[in-house]
Amino acid sequence: MAVSPLRFLPRRGAALRIDGDGVYLRFPSRRDYAMWSHVRGSSRRFLEPWEPLWSHDDLTRQAFNRRIDRYEQDYREGRAVALFLFLSDSDQLVGGLNIGNIRRAAAQSCMIGYWMSEENAGKGLMLAGLRAAIPYIFERLQLHRIEAACIPENKRSVRLLEKANFQYEGYLRGYLKINGKWRDHHMYALLADDPALDGPATAKTKENTGS
Numbered sequence: 001m002a003v004s005p006l007r008f009l010p011r012r013g014a015a016l017r018i019d020g021d022g023v024y025l026r027f028p029s030r031r032d033y034a035m036w037s038h039v040r041g042s043s044r045r046f047l048e049p050w051e052p053l054w055s056h057d058d059l060t061r062q063a064f065n066r067r068i069d070r071y072e073q074d075y076r077e078g079r080a081v082a083l084f085l086f087l088s089d090s091d092q093l094v095g096g097l098n099i100g101n102i103r104r105a106a107a108q109s110c111m112i113g114y115w116m117s118e119e120n121a122g123k124g125l126m127l128a129g130l131r132a133a134i135p136y137i138f139e140r141l142q143l144h145r146i147e148a149a150c151i152p153e154n155k156r157s158v159r160l161l162e163k164a165n166f167q168y169e170g171y172l173r174g175y176l177k178i179n180g181k182w183r184d185h186h187m188y189a190l191l192a193d194d195p196a197l198d199g200p201a202t203a204k205t206k207e208n209t210g211s
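Reading the sequence shown from the start, the letters are residues 1 to 211 in UniProt numbering.
Certain hints may be false.
[Claimed, not checked] Below, computed lysine-lysine pairings styled on PhoX-like, alpha-carbon distance capped at 25 angstroms:
| hint | residue 1 | residue 2 |
| --- | --- | --- |
| 1 | 163 | 123 |
| 2 | 155 | 206 |
| 3 | 163 | 204 |
| 4 | 181 | 163 |
| 5 | 123 | 181 |
| 6 | 155 | 177 |
Note that these hints are calculated values from the structure, not bench results.
In this text, all values refer to a predicted model and were calculated from it rather than measured experimentally.
Build out the structure end to end from the sequences listed, making use of the hints.
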């Protein structure tokens, strides 16, 4: 059986936290269910146009537990790192950022995706979260390339990536099935040796390997 070169999760339930400017990113916990279901449920109409089709039981505790199981398995096997985004001063859940499709060998790359609650959109919180995650991806995960795809009409996402110094690379036809329909996407990417970000570009990462 192949062993992940990253060995992300030495023990189930290990904590990962990345502190940024006024926000922090943390590995999801089953204890987050109440907050998560409230935030996602209240933002459903805002989020659905930009996400894969929600399942009929998406907001239930059972579905959330399955989600956590998948996050933990992907983390242990080095395929992905799921993170929830919180406000530092109140521990309020405001969004999420996923580092997925991690590829090693010659690629050394990943794909990121993210979501933000409707009430907190447009406040620069996801940019702060992304700026915290980027050093973790390049330095801790030792990847060379971060990719992000967004629907052209999603102007908020386009502005976010441009502010984070991602470079536009091309137009992808029918790239992802979003809200039940195959949608074209713009592809953006950031390389480890690209110019430094404007603003905070470092983050403090804590990894607790206890249960």
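Quick rundown of the hints versus the structure:
Proximity of residue 163 to residue 123 is assessed by CA-CA distance (about 13 angstroms); at most 25 angstroms being required, the pair is judged to hold. Annotation: proposed proximity of residue 155 to residue 206 is violated, straight-line Cα distance about 33 angstroms (limit 25 angstroms). A threshold of 25 angstroms between alpha carbons decides the hint, and for residue 163 with residue 204 the separation of about 21 angstroms falls inside it, so the pair holds. Between residue 181 and residue 163, the direct Cα distance comes to roughly 28 angstroms. Violation of the 25 angstroms bound is thereby established for this hinted pair.
With a CA separation close to 29 angstroms, the supplied pair residue 123 and residue 181 exceeds the 25 angstroms bound. For a cut-off of 25 angstroms, the pair hint linking residue 155 to residue 177 stands: about 19 angstroms separates their Cα positions.
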